[in-house]
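> Chain order of the listed sequences is A and B.
For the first sequence, the numbering used here assigns the number 1 to the initial residue and increments by one for each residue that follows.
For the second sequence, the numbering used here assigns the number 1001 to the initial residue and increments by one for each residue that follows.
Hints listed in this document are in silico derivations from the structure and should not be mistaken for laboratory results.
Given the structure is predicted, the values throughout are model-derived calculations rather than measurements.
Each hint should be verified, as a subset may be incorrect.
Computed beta-carbon distance windows for the label pairs [as the list claims (entries may be wrong)]: (1) B:T1070 / A:I12: 19 to 25 Å; (2) A:S14 / B:G1072: 45 to 51 Å; (3) B:K1015 / A:G28: 41 to 47 Å; (4) A:H7 / B:E1096: 31 to 37 Å; (5) B:E1044 / A:Q45: 31 to 37 Å; (6) B:A1054 / A:I60: 33 to 39 Å; (7) A:E64 / B:G1072: 32 to 38 Å; (8) A:S14 / B:D1063: 45 to 51 Å; (9) B:V1012 / A:A17: 39 to 45 Å.
Simulated crosslink set (EDC-like; lysine to aspartate or glutamate; CA at most 20 Å straight-line) [said to hold, decoys possible]: (10) A:K49 / B:E1096; (11) B:K1057 / A:D96; (12) A:K49 / A:E66.
Don't be surprised by glycine CBs; every beta carbon is placed ideally from N, CA and C.
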Amino acid sequence: AQSVSQHNHHVILSEAASLELGCNYSYGGTVNLFWYVQYPGQHLQLLLKYFSGDPLVKGIKGFEAEFIKSKFSFNLRKPSVQWSDTAEYFCAVNTDNTDKLIFGTGTRLQVFP
Amino acid sequence: GAGVSQSPSNKVTEKGKDVELRCDPISGHTALYWYRQSLGQGLEFLIYFQGNSAPDKSGLPSDRFSAERTGGSVSTLTIQRTQQEDSAVYLCASSEGRNGNQPQHFGDGTRLSIL
Chain A
1 AQSVSQHNHH VILSEAASLE LGCNYSYGGT VNLFWYVQYP GQHLQLLLKY
51 FSGDPLVKGI KGFEAEFIKS KFSFNLRKPS VQWSDTAEYF CAVNTDNTDK
101 LIFGTGTRLQ VFP
Chain B
1001 GAGVSQSPSN KVTEKGKDVE LRCDPISGHT ALYWYRQSLG QGLEFLIYFQ
1051 GNSAPDKSGL PSDRFSAERT GGSVSTLTIQ RTQQEDSAVY LCASSEGRNG
1101 NQPQHFGDGT RLSIL
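Starting from the given sequences, assemble the full structure and let the hints guide the process.
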């Protein structure tokens, strides 16, 4: 069965620090990859997505993610975080045989001024 | 335009009671999904509706859970004889079509607490 792993459960950073959140999936076929963000008190929002083409995708608010097929990874990065990036981040995947999303358990990011 | 709307936002009920959770998807979205978000469990797929096709119920945890979608729009998730382990946030999402490329848009969820 497909699964998604997010190894960082809780990350604490100071403003201006660089961020990288890990995401690995298990599926041998074609995948669509997503990062969603949930700010405190808000609903899940799409941060960025990868379907095909350039494996380096850019999303909103300066976030980017790189799809590395050989490593089954889709890590999220941001060169300089802000206090407003404090949120929970979810990696998700769907595959060529289903539209339902398989989510990781999420990473809680806290950014201190 | 309006996003995905869920009601109620919070529901507290006693163990053994039935509950109904409602989802109004974004107008024109043919795909509708239910997920459950539990502490320490992340987001768990429950059920998926696409147009007039038979729903994908593969994520429903037991036969106490059921869902329907009337007229291709509003959906209701029903939990019968609720148990304490049913306590979670139930999220609804919708997307434009039968294509995994379409991002899912989420509602604010219903926080269900079983006493």
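> Hint by hint, say whether it matches the structure.
Verification of the supplied hints:
| no. | hint | in the structure |
| --- | --- | --- |
| 1 | B:T1070 / A:I12: 19 to 25 Å | violated (46 Å) |
| 2 | A:S14 / B:G1072: 45 to 51 Å | holds (49 Å) |
| 3 | B:K1015 / A:G28: 41 to 47 Å | holds (42 Å) |
| 4 | A:H7 / B:E1096: 31 to 37 Å | holds (32 Å) |
| 5 | B:E1044 / A:Q45: 31 to 37 Å | violated (19 Å) |
| 6 | B:A1054 / A:I60: 33 to 39 Å | holds (36 Å) |
| 7 | A:E64 / B:G1072: 32 to 38 Å | holds (37 Å) |
| 8 | A:S14 / B:D1063: 45 to 51 Å | holds (50 Å) |
| 9 | B:V1012 / A:A17: 39 to 45 Å | holds (40 Å) |
| 10 | A:K49 / B:E1096 | holds (15 Å) |
| 11 | B:K1057 / A:D96 | holds (18 Å) |
| 12 | A:K49 / A:E66 | holds (10 Å) |
Comparing the model with each numbered hint stated earlier shows that hints 1, 5 do not hold.
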